[in-house]
Every structure is written in C-alpha cells, then in structure tokens.
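Residue numbers (my numbering), protein chains in the order written: chain A, 1 to 245; chain B, 1 to 199.
Don't read these hints as lab results, they were simulated from the structure. Just so you know, these numbers come straight off a predicted model, no measurement behind them. Heads up, some of the hints might be wrong.
As the list claims (entries may be wrong) - Label-pair ranges, simulated between beta-carbon atoms:
| # | chain 1 | residue 1 | chain 2 | residue 2 | range |
| --- | --- | --- | --- | --- | --- |
| 1 | B | GLY73 | A | THR183 | 29 to 35 Å |
| 2 | A | ALA38 | B | VAL97 | 21 to 27 Å |
| 3 | A | ALA87 | B | ASP142 | 41 to 47 Å |
| 4 | B | ALA22 | A | PRO181 | 26 to 32 Å |
| 5 | A | ASP100 | B | ASP2 | 42 to 48 Å |
| 6 | A | ALA87 | B | ARG31 | 53 to 59 Å |
| 7 | A | ARG58 | B | SER57 | 42 to 48 Å |
| 8 | A | VAL190 | B | PRO139 | 19 to 25 Å |
We put the beta carbon where it would ideally sit given N, CA and C, even for glycine.
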Amino acid sequence: MHALGGTLSVLAGGAPAAAAPRSPHRVRVIDATLTCLARHGTTKTTVDDIARQAGLSRATVYRVFPGGRDEVLGAVVDTEMARLFSALGHRLGGAGHLTDALVGGIVEASTRLRDHAALHFLVEHEPEMVLGHLAFDESNRLLGTAARFTAPFLARWMAPDEAERVAEWAARIVLSYAVAPSTRTDLTDVGTATRLVETYLLPGIEALAVPTQATIDITPFGTAPGGPRRPHTRPRIDYPRGARP
Amino acid sequence: MDDTRQRIVEGAYACVARRGLAKTTLEDVAREAGCSRATVYRVFPGGREEVLGATVSWATSEFFARLHAHVQGAAGLEEMMERGIVFAHRAILEHDVLQRVMQTEPEKLLPTLTVESNRIREGIAAVLEPVLARRGLAPGVDRGEAADLLARMVLSYISAPGRWDLGDPAQVSRLVRSELLAGVVGPARGAGAGEHGAR
C-alpha cells in the first residue's frame with residue numbers, strides 16, 4: 001500500500017490514468033523504475049538508482065517528478081494500469097464476436113500479469129505492497145475499475161447491466177489465476193482460454209440473460225425445463241458488429 | 001493438534017482479538033495460554049512469527065470447518081453453493097477479529113491469509129468434486145477443473161461481491177445458476193428449478 005496504494009486507490013475510483021504533464025523524459029524514468037523494481041523492489045530503489053538506469057541526472061528526474069521517489073512510484077502504477085487497459089481496449093475493440101472479445105481480453109490481461117517482472121518481484125518480496133489491492137474492499141474497487149472499463153466493449157453483444165456483470169466476472173477469473181496459477185488451466189494460452197470461455201462463460205452469460213422476474217413470458221422456445229434448447233446454444237453472441245463504445 | 005499447542009494458538013488468537021497482530025508479544029501469548037515462554041518456544045521454535053502464522057492458519061481452518069458444517073445436508077449442488085455463499089459472506093462481514101485486523105494492519109495479515117486461501121481453495125474443491133460427480137456435468141466439462149474454478153469463484157465472491165448483493169437470496173440464486181453453475185451442469189432451467197432435478 002503506502003506509495004503504491006494512494007495512487008491506485010484514486011485510480012480505482014475513476015477512469016484509468018488521467019493525462020499528466022508530459023515530458024520527453026517521463027516514460028524513460030518510468031521504464032527505468034520498472035527495471036529497478038524488478039531487481040530490488042520499492043524499499044531498495046532510490047532516485048539515484050532510477051536516474052542511473054534511465055541515463056539521466058538526479059536533477060532531471062526531480063524536474064519531471066518534483067515529489068521524488070513516491071511520485072515516480074505512483075506514476076509507475078498509473079502508467080502500468082493505463083498500459084494494461086489500453087492493450088485491453090485494443091483487443092476488445094478489435095474483436096469480431098463475443099468469444100473473441102472474452103478470449104482476447106483474458107489472454108491479454110493474463111499474459112501481461114504473468115510477464116510483469118516488477119509485479120512479480122513485489123509479490124515475492126514485498127507482498128504487503130500488492131496484496132492489499134487484491135483483498136476484500138480493495139479487491140471490490142479493482143474489480144469495479146476493470147468492469148467499468150471493459151463493460152462498454154462487451155455491451156456490443158448484451159445489455160449494459162449484463163455487460164458489467166460479465167466484465168467483472170472475467171476480471172475475477174483473470175485475477176484468481178494470476179494470483180494463484182494453476183498447472184491445468186493456463187489462461188495465457190489461447191486454446192485453454194477459448195475452452196474456458198466456451199465451456200463456462202458463454203452458458204453463464206446466456207443464463208444471466210434469462211430474466212429473473214419474468215412478467216409476461218414471451219420467450220418463443222427453450223426456457224422451459226426439459227425444453228428443446230441444446231446446451232451452449234448462444235443466440236445472443238453472433239450479432240453483427242454494433243456501434244463501438 | 002495437541003493440547004498445549006491448541007492452548008497456545010487459542011491464547012494467541014485472544015491476544016490478537018484484543019490488541020491486533022503487531023502488538024501481540026510472545027509474553028502476552030504465554031500469559032494468556034497459562035504457560036511459560038520456554039513452553040511456547042518448545043512448541044513453536046520459530047517464536048512469535050510462527051505462533052502468529054499458526055494462529056491465522058487455525059482461524060482460517062475454523063472458518064472453513066464452520067462453512068463445511070453449514071452446507072452439509074443441502075439437497076443438491078445449487079443449494080449447497082447458495083448456502084455456502086450466503087453463510088461465508090455473512091461470516092466474513094461479522095468476523096470482528098478479521099475485520100479489525102483488515103482495518104488496522106492488513107499488511108501484517110494478508111501475506112499469511114493469501115497462503116491460507118490456497119489451502120481453503122483446495123478444501124472447497126475437494127468438497128465439491130464428489131458432489132459434481134453425483135450431479136453429472138455438461139458435455140466437455142472436466143470435473144477437477146470445474147471444482148477448482150468453482151472454488152476460486154466462491155472465494156472471490158465471498159470476499160469481494162462486487163455488483164452482487166449476497167444478502168439477497170434471489171441474487172444469490174441467480175449468481176449460482178448463471179456465473180457459477182450454468183456452464184458446469186448445463187443450460188439454465190430457471191431460478192429455483194435446479195435443486196431437485198436429477199440429471
């Protein structure tokens with residue numbers, strides 16, 4: 001929490017990273033910090049280390065980030081969240097149908113979390129920095145942020161309320177397997193993710209679409225117990241591409 | 001767990017309940033358990049850290065045992081999931097010690113709790129597997145994978161319900177029959193129709 005927490009909490013309450021003052025050195029400092037974090041974590045990374053790694057002077061780092069180390073660390077969290085959401089937006093926006101969107105989003109997020117060296121160093125050596133965001137109320141906020149960002153892309157194929165539920169659900173799945181990887185279910189693998197989506201998510205999405213308090217049941221067929229509907233029929237997901245969010 | 005070990009762990013839990021993790025010393029634990037520091041060290045050679053780790057582990061196991069007892073006798077998979085989720089979510093909210101430690105010193109608790117949650121996940125999956133075997137699954141569903149996924153999702157929802165109001169039985173019923181079980185046992189058959197349907 002601490003340095004990382006403040007920024008992430010602010011972020012979790014709203015949209016992904018707001019535009020910050022730009023400097024040509026900004027990204028260089030942030031990427032250098034990520035390299036330092038992957039080697040030494042937050043406690044042993046100094047502004048000197050960051051400057052050396054970035055090939056800049058201490059003074060330049062302080063000019064870009066007057067708040068010093070804590071401000072850099074906050075900017076790193078913002079930037080990494082923005083990069084993740086930007087990649088997700090690209091994947092989800094380019095998807096031609098719902099399965100594509102879900103598989104693409106799950107694989108993209110899982111792969112980025114798996115390959116994030118700085119994140120892994122922190123989980124291993126400074127777990128208190130990361131775990132606070134994955135538990136109880138903070139986890140709710142993180143899921144909420146992920147759902148708010150990704151739901152509009154899914155709303156091309158389902159009602160907005162349903163899209164938020166499905167986005168949150170997918171985020172739960174990604175987080176669970178990222179925090180506690182499974183030998184049998186590797187969500188960075190397209191084949192595995194596709195199987196998971198087709199086996200579990202699509203039928204669940206279909207079930208979510210079934211109204212819970214039916215007023216007048218005008219469903220033409222299939223919702224009655226023992227009705228003719230085959231498992232995994234998905235009438236809602238192959239609609240032509242709608243308006244982009 | 002032998003008597004001395006049990007007494008020390010329960011003593012430590014009482015100390016944590018009063019003062020939190022950071023302020024609980026080995027002396028406090030020994031006094032509360034009615035034994036000497038030397039005895040505590042004999043049972044827990046790792047000292048304070050080991051005692052506190054064992055205490056979190058014990059409290060987590062207690063929680064899981066209560067959850068397990070609560071779902072016994074459920075009429076089927078759906079009812080078992082519903083009962084378990086409602087009970088576990090409420091038990092977390094009403095768990096004074098957990099809530100207080102999460103408020104004041106989450107950084108001290110979460111690393112241990114995260115390790116414990118892996119054990120709990122395996123425990124939930126082990127309870128679900130035979131129930132899934134009896135119930136019969138949708139084509140292409142691997143029982144082991146489904147049990148693991150369900151356990152993961154149960155842990156996720158009970159600790160962070162997100163958009164779901166787990167105090168509302170209708171919502172819990174909808175959650176169980178959509179995001180949790182629709183893919184595992186086949187297509188939805190309408191809220192409330194699930195429990196007794198032998199498939």
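Structure-based check of each hint:
no.	hint	result
1	GLY73(B) with THR183(A): 29 to 35 Å	holds, 34 Å
2	ALA38(A) with VAL97(B): 21 to 27 Å	violated, 36 Å
3	ALA87(A) with ASP142(B): 41 to 47 Å	violated, 30 Å
4	ALA22(B) with PRO181(A): 26 to 32 Å	holds, 31 Å
5	ASP100(A) with ASP2(B): 42 to 48 Å	violated, 57 Å
6	ALA87(A) with ARG31(B): 53 to 59 Å	holds, 55 Å
7	ARG58(A) with SER57(B): 42 to 48 Å	holds, 46 Å
8	VAL190(A) with PRO139(B): 19 to 25 Å	holds, 22 Å
In summary, the numbered hints that this structure violates are 2, 3 and 5.
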